[in-house]
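> Spelled out from the first residue to the last, the chains are:
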Amino acid sequence: MKRFRNIGNPLYSSIAVVVFIIIWEIFTRARDIKEYILPAPSAILNEFITSGDLLLHHSMVTITETVLGFILGLVFAILLSLLMSSFKLFRSIFYPFMILSQTVPIIVIAPLITVWFGIGLIPKLIVCVLVVFFPIALNLTEGLSSYDKDLEELLMCMNASKLQIFMKLKLPSALVHFFSGLKIAAAYAVMGAIMSEWTGAESGLGIFLTRSMKSFRTAAMFADIAIISIFSILLFLLISLIEKKFIKWNVKG
Amino acid sequence: MKRFRNIGNPLYSSIAVVVFIIIWEIFTRARDIKEYILPAPSAILNEFITSGDLLLHHSMVTITETVLGFILGLVFAILLSLLMSSFKLFRSIFYPFMILSQTVPIIVIAPLITVWFGIGLIPKLIVCVLVVFFPIALNLTEGLSSYDKDLEELLMCMNASKLQIFMKLKLPSALVHFFSGLKIAAAYAVMGAIMSEWTGAESGLGIFLTRSMKSFRTAAMFADIAIISIFSILLFLLISLIEKKFIKWNVKG
Amino acid sequence: GIENTPSPSPDGTSSGAGKQKINFVLDWVPNTNHTGIYVAKIKGYFSEEGLDVDIIQPGESSADQLVASNTAQFGISYQEGVTFARSSGAPLVSLAAVIQHNTSGFGSFKDKGIVSPMDFEGKKYGGWGSEVEAAMVKQVVRDAGGDPDKVQILTTGTADFLQASETGQIDFAWIFEGWDYINATNKGVELNYIDLGKLSDVFDYYTPVIVTNEDNINNNPELVQKFMRAAEKGYRFAIENPDEAAECLLQLAPELDRELVIKSQQFLASKYQDDAPYWGMQKKEVWERYMNWLYENKFIDAPIDVEKAFTNDFLQTAK
Amino acid sequence: MRTKIKIENLSKTFKAKKKSLEVLKNLNIELYENQFVSLIGPSGCGKSTILRILAGLEKDFSGDITVNGESIKASSFQFGYMPQKDLLMPWRTVYKNIILPLEINGTQDRKLEVENLIKEFGLQGFENFYPGEISGGMKQRAGILRTFLMDSDIMLLDEPFGALDAITRIKMQEWLLKVLIEHKKTVLFITHDIEEAVFLSDRVYVLSDRPAHVIKTLDIGFPRPRNREMLSSREFLEYKDILLKALL
Amino acid sequence: MRTKIKIENLSKTFKAKKKSLEVLKNLNIELYENQFVSLIGPSGCGKSTILRILAGLEKDFSGDITVNGESIKASSFQFGYMPQKDLLMPWRTVYKNIILPLEINGTQDRKLEVENLIKEFGLQGFENFYPGEISGGMKQRAGILRTFLMDSDIMLLDEPFGALDAITRIKMQEWLLKVLIEHKKTVLFITHDIEEAVFLSDRVYVLSDRPAHVIKTLDIGFPRPRNREMLSSREFLEYKDILLKALL
Ligand SMILES: Nc1ncnc2c1ncn2[C@@H]1O[C@H](COP(=O)(O)OP(=O)(O)OP(=O)(O)O)[C@@H](O)[C@H]1O
Ligand SMILES: Nc1ncnc2c1ncn2[C@@H]1O[C@H](COP(=O)(O)OP(=O)(O)OP(=O)(O)O)[C@@H](O)[C@H]1O
Ligand SMILES: [Mg+2]
Ligand SMILES: [Mg+2]
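Chains as they are written, first to last, in our numbering: chain P, 1 to 253; chain D, 1 to 253; chain E, 1 to 319; chain A, 1 to 248; chain R, 1 to 248.
Possibly wrong hints are sitting among the right ones.
[Said to hold, decoys possible] Stretches of chain R that chain P covers, calculated by requiring three or more beta carbons in the stretch to come under 8 angstroms of a beta carbon on chain P:
{"no.": "1", "region": "53-65"}
{"no.": "2", "region": "79-85"}
{"no.": "3", "region": "96-105"}
These are calculated hints, taken from the structure and not from any lab test. Please read all numbers here as calculations on a predicted model, not as lab measurements. Don't be surprised by glycine CBs; every beta carbon is placed ideally from N, CA and C.
Model the full structure from these sequences, guided by the hints.
This is how it looks when you write it as structure tokens:
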């Protein structure tokens, strides 16, 4: 099995995306769609050239937020899952709050987060973590409880400590689950950073996005979205590659 | 194993939530926190009473959207996963778009969705489906490819059709994964309905939310969020219960 | 970086060290309503006052809480927002009316032939879904002698006026003359525009306004003084040199549409002060009229004390 | 007698970790209709691999294999294959596991037959247990039963009785011999028990160590039906001895 | 001779699907130090269950079990337990699977010994294969090796040689007997091969069908070290006969 586990053939994917863009271009031209309804890819590309520096500047900010937020969210998710799968009481107590954390609309509490935590990096990271941690934590928690009970017993016979059972059995068994969670989180991470900019920011792709949107620069807005998408896909691919490294034994049986 | 697979003991969970609310009440009173910064639970409760009818009215709208959106998203996710795990070419082509669909900020394309699809139920359902389908589709696709290859071979020896291999092997093997995805989606579903109201709505919890926010009724806003949370948790619990019914064999080995 | 670099100060005063850090939170994305603040930052007026001002763009929601809680010391709001905030106990105070008269109104494509509120009958109005908004639309129709129930009020959520009109989903919407109207003209779309402020005194309220909280006014008036001195200077500059002022805004918010900002700035230059004796002045009647309308329509539970909602004390202090 | 399976010059090399492992080399085996043929050979020599190739699970081999005269690469003959691992589905009860082939073929009307077989196999009372709740030997019996219900006239059995005690094993052997005659099956059988091989088979192939090829072909002259008295006959001991010598 | 394991009145009932299944009933077994004791009995009677109880994997039983004089419920004695399924971790190579007990005990300095054992067990060259890539018998040998490396002086072996051919089995038997003497191990052994039981054991317990209890205790009088000549002695055949009769 040489193929990417679940992404499919990257060649075909690329072709599909290119075809999609070409159809989009033809469609907007043939139907003479106004730019403020749906800008043509060429107009968006043009925006990349004219606003290149600016987009680069904002991208750097958002990427920093994304990377920091993703790492923090990951660490938090792992800690949480460890605690939840180790201590039933902790799980009982924390589970509802984990869900609650996802049901509060970030857009609405963004100003409150700012009020509580001030303006700056901290509220942003909080938002990023809120977005990122959940799919990872949930999948990892599920994964950590779907191991082979017989193997656990065997390890217990070997006098393995809880930590050893965890490291040698539960973690390897949870890997597929864990990476599913990571991939979902990867798809959301950049969006999370964008949302985090709602807590009050001076720069970032989210700022660029709203400014171009509210001043009716639809092509610039799409250029911004394109960058968000590209970053998200890159992050997703990165995770998929790491997954491939880790789950090679899955090749057979 | 009589416990809820991953939710923990519902009694302890309830106690935890109640304790949390009490601490919150005491905190806001002791520190004299202004209502517009953080309303006390009692103030929020009071809002439930005074705005009860209104909240009920808006809730009905949002619940309808949520249920419809969740079901549609589920169906869409299942179809997609089936196609992606059956046809490599389809997977290659569709995978990037699946990720792309998550990287476009809904708040930004909400107006465009309205422009493209008009005002009404359709754009709302599109938004709900966008939010709900992704974690399900991703987890299910992963799940559908983590079955026992030896069992697949055995079924092939029995001349089982692709459909039979799918129904009798891949699907049961994917269940844990599938339900993880469902749970993530359940936590997002109500939020998705709220977001869908950005495409233009006359009523719904999202409308109530923005209205109370813009008119500085913070307690009402929190009452609204509380309802969103309760619905989300109920949906989550429902999924967990269904999961328990399905995955009872997991009890042993 | 662009925003993170210290503001260049032509007069040589460098910002940064030793200056008091101030957060100023906007109500929306940066636009020509905010030009004075940007001018004050770029031209070093804030630095001269010993202030180091960060201009923060909020998310999609209002940022009034940030000012009420003093997370940001100053910010932009609007009369309705301040009224609501005060009615729920948030101690916001308006320091200046950025624009003397309401420059918003009802816009529609020319071919719809909507030239007076009477023409609203049988037409589709697209708004974001606020009840106050709906009540106001109905009020102007009623005032003009029409039947408010014949107006079809749709919520288009966050959809933009031009987009929604182009695809035929709405006939008219509430727009800002200095922003949406100019944008439409830029894009070659011809509009009819009915100025809300001219329809009724009640609706000629202040939008936007510069706000702070009571705490600053009572306990830190010097700070307010310093801030407003610089802000006022900024807006005066914008009145006199719209093109250069537009450049200041564009320097710190280059993501905006350049043509739109410049034209909007030229339009607003005469609107900031308009017929008032000095820039920023607020009248009690304006506050009272709109507050009473809100109260009569049950949008606030009790009348508020408008005297406390605004002050002119920090204006014209440069003189 | 018609040739059922003919394996000629079969070679198979596994490619793993850049190294390649030659498992089968020029192996020749022939099965006639209604014959019982056993394979014996050292552990890891490639017996299971032969069955997997026949069952169509390993495609990458060289040599010619025909089943009923047709090349195996072209035909889609359905064997009754029982793999070495029991491979029950952990989410299905014992009963549901057993009737899997019936479900797949869409035949649902053999309830009574299945019930009787379950009794004969000593699994009655455990129909609703999950595989994790039954013993190793019971799993194996469920596996045999499932294979039988695949209803093929050729059965490929990979150590089907390995986990059974002497008594149960005798019962199962008797059952298998009965099936051989009543249902006219052809059986290719892997075992480590030389006695079992001699008692059951018409022919025994002894395989060499890796790369496996046939080092001894022994035709067993006992008539059918067979009975346990044969086990103590001098001929039987001779057969055993020949095979044991070949293995050493 | 010191008593190593003493099982008195052991009873065990599984509760499943509202029905309860009585598996063990008043079972008594005793093992002395450095003794080799085998359990034989019908498939599904409860042999594996006894080993699981000893290994501490089933907590819910009645009766008294002492190990080295201590009640098993109080002590945390570490047995060298080899379960009936091979239970290798699919994500670890053969080598990594074998040295798992060493990893867990933190002993890393037995590389040479392990290498030699791997050779002795015929697994050299397969160290870096994954369990899915080796044969059934090889998996079983890896499992035995892993159990040995658990370094306990009591080994509980659940059909360790079931998937091995005659020759390999003999080699492994010899190895086990060598270990018994050199390392002074005590072994509790489950097998279905009566010959094997007699050849290896000091004592054989025959268990009844469910609910299992001891129906025959047979002490084997052969001296140690044992040799294969004994297999054809009259005494040996008598022992075999007694056991076979007890089983019927
Ligand atoms: N978890 C369980 N739940 C219910 N019944 C069980 C469970 N585990 C084992 N049993 C039952 O206990 C009985 C004895 O099982 P055990 O595995 O001990 O048999 P055994 O003597 O080892 O058989 P074999 O020789 O086939 O391996 C079986 O009938 C089995 O169905
Ligand atoms: N997928 C694979 N990749 C690499 N090598 C493999 C693979 N499958 C089997 N082998 C190797 O092929 C050889 C033969 O395996 P096979 O299972 O056919 O042996 P066997 O004769 O059935 O042994 P046993 O009696 O122990 O079951 C073994 O050495 C094994 O390591
Ligand atoms: Mg084999
Ligand atoms: Mg057993």
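> Evaluate each hint against the coordinates.
Checked hints:
1. Proximity of the region 53-65 of chain R to chain P, defined as three or more residues with a beta carbon under 8 angstroms from a beta carbon of that chain, is established by the 3 residues found.
2. Beta-carbon proximity to chain P at under 8 angstroms applies to 4 residues in the region 79-85 of chain R; the threshold of 3 is reached and the given coverage holds.
3. Only when three residues or more bring their CB closer than 8 angstroms to a CB of chain P does the claim for the region 96-105 of chain R stand; here the count is 5, and the claim holds.
Going down the numbered hints, you'll see the structure goes against none, and every one checks out.
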